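Generate coordinates for the entire structure from the input sequences, incorporating the hints supplied.
Numbered according to the UniProt record's numbering, the sequence shown spans residues 1 to 112.
Hint data in this document are derived by calculation from the structure and do not stem from the laboratory. On a predicted model such as this, the values are computed, not experimentally measured, just so you know. Keep in mind that a hint or two might mislead.
Unchecked claim - If you anchor each label on the Cβ, the simulated ranges turn out as follows:
#1 W43 - S2: 13 to 23 Å
#2 A63 - D36: 32 to 42 Å
#3 T49 - L99: 14 to 24 Å
#4 K32 - G81: 15 to 25 Å
#5 V18 - L62: 12 to 22 Å
#6 W91 - A53: 23 to 33 Å
Just so you know, even glycine gets a beta-carbon here, dropped at the ideal spot from N, CA and C.
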Amino acid sequence: MSTAYLVVTVLGAVMAGVSAITTFLRVEWIAKPLADYGVPRAWWPWLATAKAAGAAGLLVGLAVPAVGVLAATGLVLYFLGAVVTVVRARWFTHVPIPLLYAAPVAASLALV
Numbered sequence: 001m002s003t004a005y006l007v008v009t010v011l012g013a014v015m016a017g018v019s020a021i022t023t024f025l026r027v028e029w030i031a032k033p034l035a036d037y038g039v040p041r042a043w044w045p046w047l048a049t050a051k052a053a054g055a056a057g058l059l060v061g062l063a064v065p066a067v068g069v070l071a072a073t074g075l076v077l078y079f080l081g082a083v084v085t086v087v088r089a090r091w092f093t094h095v096p097i098p099l100l101y102a103a104p105v106a107a108s109l110a111l112v
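And the structure:
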C-alpha cells in the first residue's frame, strides 16, 4: 500500500463522512442547496446514509481492497449523480463542489 493511496483514501473518507454528517444534521449550507436543487427532503437521510456507508467502506478497504474498490466506485457514481442534479437545476457555478468531493475518491480508485 502506497502512501499516496493511504492519504487520498483517508481524505476521501473524511470528506464523504463530513458530508454525510452535515446532511444528517441538515446544516444550512448543505440543506439550502439541496432544497434549491429540488432534491426531496425524504431522500436526504438516504443520501447521507449512502455517503456514510461509502466513507466507512473506503476505510475498510484499507484492509480489504475489494470493499474499498466497491465503496470508491459507489461514491464516484454518487458524486457524478450530484453533478447531474446540480446541472439539471441549472446551478452551474456549483458543479465543482461535488467534483471536489469525488476527486480524492477517484484518486483512491485509480491507485488501488
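Hints versus structure:
Between W43 and S2 the beta carbons are some 36 Å apart, a value that contradicts the proposed interval 13 to 23 Å. A C-beta distance of roughly 39 Å is found between A63 and D36, which places it inside the suggested range of 32 to 42 Å. At about 22 Å, the CB distance of T49 to L99 agrees with the hint of 14 to 24 Å. For the pair K32 and G81, the supplied restraint of 15 to 25 Å holds, since their beta-carbon distance comes to about 19 Å.
In this structure the supplied range 12 to 22 Å holds for V18 paired with L62, their Cβ-Cβ distance being about 18 Å. Distance hint check: the CB atoms of W91 and A53 are about 26 Å apart, consistent with the given range 23 to 33 Å.
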